[in-house]
Amino acid sequence: MKFSFSHRRAFVGGITAALLALTAGMASAQADKPLRIGFSMARTGMLANATPSQMNTYELWREQTNAKGGMDVGGVRRKVEFVVFDDQSKPEQAVRIYEKLITDDKVDLLLAPWGTPFHLAIAPVLEKFKFPMVGNTAASVALRQVKPGYIWFPTSAIPDRIGAELTAMLKTQNVKSVAVLSNVLPFTKEIKNFLEPELKKAGIEIKVSTEYPPDIADMTSTLTQIKQANVDAVLALAYPGDSVLYAKQAKELGLNQPFQFVAIGPSDAFFPKAVGAASAEGVVTIAHWSPRAEWKGSQAFYDAYVKKFGEDPDYLNSALAWMSLEILETTVAKTGLDKGKMRDMISSTTFDTINGKVKFEGVQNVITPTAFVQTQKGKLQLVWPASMASSKFEAKKGW
Amino acid sequence: MTVLETLLSGQLLFAALVTGSLYALIALGLNLVYGTMRLLNVAHGEVVMLGAYAAYWAFTAWDLSPLLVAPVVAAAGGLLGYALYRGIFKSLLADSSAAQVQRMESNSLLLFFGLSIVLQNAAALVFTPNNRAYNYLGTVYHLGSVSMTGNRLAALCVAGTCCLLVALFLGRSVFGLATRAVIERREAAFIVGVNVDRVQWLSFVLGFASAALAGVLVSMLGQFSPFSGFPYTIAGFIVIILGGLGNAMAGLLAALLLGVIETYGVALTSANMRSMLLYGAFVAALLLFPNGVFARRAAAR
Numbered sequence: 001m002k003f004s005f006s007h008r009r010a011f012v013g014g015i016t017a018a019l020l021a022l023t024a025g026m027a028s029a030q031a032d033k034p035l036r037i038g039f040s041m042a043r044t045g046m047l048a049n050a051t052p053s054q055m056n057t058y059e060l061w062r063e064q065t066n067a068k069g070g071m072d073v074g075g076v077r078r079k080v081e082f083v084v085f086d087d088q089s090k091p092e093q094a095v096r097i098y099e100k101l102i103t104d105d106k107v108d109l110l111l112a113p114w115g116t117p118f119h120l121a122i123a124p125v126l127e128k129f130k131f132p133m134v135g136n137t138a139a140s141v142a143l144r145q146v147k148p149g150y151i152w153f154p155t156s157a158i159p160d161r162i163g164a165e166l167t168a169m170l171k172t173q174n175v176k177s178v179a180v181l182s183n184v185l186p187f188t189k190e191i192k193n194f195l196e197p198e199l200k201k202a203g204i205e206i207k208v209s210t211e212y213p214p215d216i217a218d219m220t221s222t223l224t225q226i227k228q229a230n231v232d233a234v235l236a237l238a239y240p241g242d243s244v245l246y247a248k249q250a251k252e253l254g255l256n257q258p259f260q261f262v263a264i265g266p267s268d269a270f271f272p273k274a275v276g277a278a279s280a281e282g283v284v285t286i287a288h289w290s291p292r293a294e295w296k297g298s299q300a301f302y303d304a305y306v307k308k309f310g311e312d313p314d315y316l317n318s319a320l321a322w323m324s325l326e327i328l329e330t331t332v333a334k335t336g337l338d339k340g341k342m343r344d345m346i347s348s349t350t351f352d353t354i355n356g357k358v359k360f361e362g363v364q365n366v367i368t369p370t371a372f373v374q375t376q377k378g379k380l381q382l383v384w385p386a387s388m389a390s391s392k393f394e395a396k397k398g399w
Numbered sequence: 001m002t003v004l005e006t007l008l009s010g011q012l013l014f015a016a017l018v019t020g021s022l023y024a025l026i027a028l029g030l031n032l033v034y035g036t037m038r039l040l041n042v043a044h045g046e047v048v049m050l051g052a053y054a055a056y057w058a059f060t061a062w063d064l065s066p067l068l069v070a071p072v073v074a075a076a077g078g079l080l081g082y083a084l085y086r087g088i089f090k091s092l093l094a095d096s097s098a099a100q101v102q103r104m105e106s107n108s109l110l111l112f113f114g115l116s117i118v119l120q121n122a123a124a125l126v127f128t129p130n131n132r133a134y135n136y137l138g139t140v141y142h143l144g145s146v147s148m149t150g151n152r153l154a155a156l157c158v159a160g161t162c163c164l165l166v167a168l169f170l171g172r173s174v175f176g177l178a179t180r181a182v183i184e185r186r187e188a189a190f191i192v193g194v195n196v197d198r199v200q201w202l203s204f205v206l207g208f209a210s211a212a213l214a215g216v217l218v219s220m221l222g223q224f225s226p227f228s229g230f231p232y233t234i235a236g237f238i239v240i241i242l243g244g245l246g247n248a249m250a251g252l253l254a255a256l257l258l259g260v261i262e263t264y265g266v267a268l269t270s271a272n273m274r275s276m277l278l279y280g281a282f283v284a285a286l287l288l289f290p291n292g293v294f295a296r297r298a299a300a301r
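The listed protein sequences derive, respectively, from chains A and B. According to my numbering, the first sequence is numbered sequentially starting from 1. According to my numbering, the second sequence is numbered sequentially starting from 1.
Simulated from the structure, these hints should not be mistaken for laboratory data. Note that the coordinates shown come from a computational prediction; the quantities given were computed from them, not determined experimentally. Treat each hint with caution, since some may be false.
Here are the computed distance ranges between Cβ atoms for each label pair [unchecked claim]:
id : chain 1 : residue 1 : chain 2 : residue 2 : range
1  : A       : K189      : B       : T269      : 11 to 21 Å
2  : B       : T269      : A       : A67       : 18 to 28 Å
3  : A       : K377      : B       : G10       : 30 to 40 Å
4  : B       : S65       : A       : P369      : 40 to 50 Å
5  : A       : K200      : B       : V126      : 45 to 55 Å
Covered stretches of chain B, going by a simulated chain A footprint (3 or more residues, C-beta under 8 Å) [claimed, not checked]:
id : region
6  : 41-52
7  : 152-164
8  : 225-234
Partial list, derived from the structure: chain A residues whose beta carbon lies under 7 Å from chain B [what the hints assert, rightly or not]:
id : residue
9  : N66
10 : G69
11 : D215
12 : I216
13 : T222
14 : A269
15 : W295
Ideal placement from N, C-alpha and C gives every residue a C-beta, glycine not left out.
Bound conformation, chain B alone (with noise of 0.2 Å):
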């Protein structure tokens, strides 16, 4: 296959789509948590990770179709992420004296560390360490030269689409507004009467819903295993330090940006290649654009 042959190849444009959407979803939670609280969640993936076992669960015991539940495993992942706020995060955020809350970024690493070693173990000795994946809307269409599977293409579609509704409910509701103003001036926000709490809980809720649901989406796909949750907050945060914190719409772009290095990256060299060029865009972006590639706009402000 030649360069430009490679470049315009529909096939290789639906695998960056798929895997770039899939990005975004899973960054899009990430972000939102760290964004309003900075906290960093390195359980992320293990949420993900989780999603993709109900979802198999669903549809190896009760027939039930992975679509079909992804509202109800989101929204499990939603109340898991509630109860995390409400149990521990929101007493230590509580106290908002500065060292505290210096403090308090290198302490949420730990305990989200400490969180994703127990949630995989958990599942490992409740699910069996046994690789599952299951066989869910297999066929393939074709359009003009590109095939897709049924299950990739509505990963696709879904993830996009929550994507998309989440960049807009956050760009043009109140409650995005809010959102926004936590991420940039906490106190200032407080200040103003921004409910920082509420912000707080529903930012919570919402990355813990759109990691479970993408997990849904992941679990159609592959295979997955209780330990295949962190590189996708590996990814999660790539995508997140490529697009600038906090700024949904950037991640949007960022996430697609990162699908299209990784899938055009490995056709032009080799599938070895891929971390390095994962991690290389990473570095990349961090020494070019430490305010994130499409950060501008938002840094400037």
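Isolated chain A (complex conformation) (with noise of 0.2 Å):
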């Protein structure tokens, strides 16, 4: 292979080039003092999918923080500006960008990346330098084992509480037996390992229960399974990469249990565009939010989000993402930067968010229960539980 001098030469002008211009604009920024908030966040790799309902979230928040004149930090208003790093969805890589952004980049704030594992990685570098996060997309029983402190976690979504809660609304439809399939993720993975002992105390008998890999391109073995099975409802804890897959196929192979369950997708929007409205309508699955009157800034947000993206906000992610925001607003304003006294503002503090009331009680919010809405009429409505439910389940007729 001829690789000329001449090209290695002009190839590695090129960097330099690159990098002086890219060192300059930093020099240039750092003049005026904005507010540097840093993050790492999973743009390649196996993840990458999952990431643009928090992504955007934290986009528009900048866009309107800045529109405003900036963020409040203790009375003064100054610009926002976003450090990012590609973690290529590997927490360990996160973990090393975290303690960059801290040590060599010095951001003024943190903001969280995406999903549980990275959540759990980073806890002890926020840990070693005292340094407080607001997370929001995570969701696990083994968060509450992190120390509390510097990081917590505003999410209800909790597995063990996703299956208390579920089984209770299975009980209220009268469904007596139900089939069960789970990508073996961790999340719901962790979701069915808290289920079926639920289902079993509740009475509710569990006919089909089965696993698929994530990489799954066909279910047709599976679903024709649970079809012959004949039960009143299907739990399908499937993950964003398969709930299209199996909405598709339970079409194909006439799944027509009222009560269908899909634990991650259906509150993306690009759910209903990807199955089409009709097989959309009537699935349930996770989130503790939608847009209401009684929860200031919720239709503001969701009227922002739509606006920009021209698509409706994760009704989960891009909800938890934006409440960590609103927290953090809220504490700096307070506190300033003086990291001791954010952490112990965000450790006693009821929050007002676009969910409600957050309050958090070590690393968990204590106030936002667990919740599942349904696609109604194109619309994500609330429907369990009842005490803050926007609308009353209805069977899915169908896909």
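Both chains are given apart, each in its own frame, so use the hints to dock them into the complex.
So, in structure tokens, the structure goes:
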């Protein structure tokens, strides 16, 4: 192979020029002293397709905040600038990035990366540098094992609670038998592990219980088995990557159970587009938010998101990301950038968010209940629990 | 479901045929490029992914039927193959010293691996890493006890027809004869006057076009992202190993066999066994039939 010297020199020259341009940009930026907020995001790798609902929310917030003149830092408004690195869907990469953000880039604040394993991985880094960060898109019973202090989890979609609440909801719908199919990825597997004992305890028969790998491309075999079992409800513990496949093939095979639960995917705007509005109608999924009058700012957030991105926000992940930003905003307006004061305030204050009141005990949000939404006439409606429902559950009429 | 019921289920047979025909189409292109040039195209799945995006955008942005744009997407894929061949591989292949030829096989692996990373990330940058899927031909048809969604039926028909046409073309036409000659004895083919260069670029064009076409079909069935190409490359490789190198007809049978192994294997065990079944078939084929399950005739010739 020929690779001439002049080529190589041009290549190195190009890189040097690019680096110079980059550092020059950074230097001039520092002169105006914007507020630098850092985080890592899976832009590539197997989780990259799940992160836009969170990333978009961050972008929307930055745009709105800067339009207001910046973020209120103890009474002074400062423009917001993001310092983002791609963690390639690898938690160990996120650990390095957060260390670098704190020690090398010396960012003023941190936002959360996407997903449970990433939150868990960086928690010790936050602890080590005593740098508070409000988490968002993380849900696992393992979160409760995290040492409280510098990280908080606003979600209420914790698998053991989901197991109990979903069982209770099935009971009210008089469901006697179910089929459970679960993706083997951690979150859905965890739901399965907590859900099945709850179902048994409640006397609901599990006629089929099966698992499948994330790279599944055809569900005919599994769904044929479920069809023959003739159950009252199908609980598809799917990820976004296979929820569409499930819906399309459930339609093909005529799985006409009136209660169809699909764990992750239907709360995202791409789902109805992907499977068709009629198929999406009536599917129940996990989320504890919807735009409603008594939650201040929720409709405004929804409208702004739709206006900017041309699609609905994810009712779970976008909402959580926005809540974490609201909590950070309220805190920093009071405490400024003093990390100790921030920590104390986040740990003890009851915050108003687009999802209602949020208060942390330890690492967990103790106010928001675990909830489910259902697509009704093309809109996601909170249908469980009754205390915060925006609509009643309706039986799904085929796909 | 008893074992017998499983084996006799028409629904599973349909699923196996859909899976198998897509594998066949994907493996076909991979087989041609590897057979004629000993170039291991690990970026093959990325071409499938790009084809899927082309169909997606045509459908969502301009309301064009994926089946109508399929020929255009295939042609664009072919053009990409032609450009790559002329731009990169022709000069590399021209140096036919023994050392260079040996190095070519491993170098091509690196080159295509690089290409695959570039394509993945370019797609992530341009199209965003969002999951994409759309609803086209979603009507379900019933044939006896078998239900078939329109898009899966269409994918089966298009992939099956294209594979048969290409296999016939390779088996019957003069170009096919030349291609097989290049696959089996490159130097000898050159000496007896086969236009090796033309065989090579046509293989590249056919290979990339069939991958792009497969992408269109794949996009109608489930969902995809910039990173969903790689599994198709793997499936293609397994089919080639099963079927034997450069043998298009055997490749078709091997792809169907793989579809059957996957579908019925999963039905009889569990969906978690899918990878084990696929790679198990792969390893078994390598150990028991190193020349391919259906390639005995070709090997004896």
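We went through each hint and held it up to the structure:
no.: 1; hint: A:K189 x B:T269: 11 to 21 Å; in the structure: holds, 19 Å
no.: 2; hint: B:T269 x A:A67: 18 to 28 Å; in the structure: violated, 57 Å
no.: 3; hint: A:K377 x B:G10: 30 to 40 Å; in the structure: holds, 36 Å
no.: 4; hint: B:S65 x A:P369: 40 to 50 Å; in the structure: holds, 46 Å
no.: 5; hint: A:K200 x B:V126: 45 to 55 Å; in the structure: holds, 49 Å
no.: 6; hint: 41-52; in the structure: violated (count 0)
no.: 7; hint: 152-164; in the structure: violated (count 1)
no.: 8; hint: 225-234; in the structure: holds (count 4)
no.: 9; hint: N66; in the structure: violated, 22 Å
no.: 10; hint: G69; in the structure: violated, 30 Å
no.: 11; hint: D215; in the structure: holds, 6 Å
no.: 12; hint: I216; in the structure: holds, 6 Å
no.: 13; hint: T222; in the structure: holds, 5 Å
no.: 14; hint: A269; in the structure: violated, 10 Å
no.: 15; hint: W295; in the structure: violated, 27 Å
Taken one by one, the earlier hints fail for this structure at numbers 2, 6, 7, 9, 10, 14, 15, listed in ascending order.
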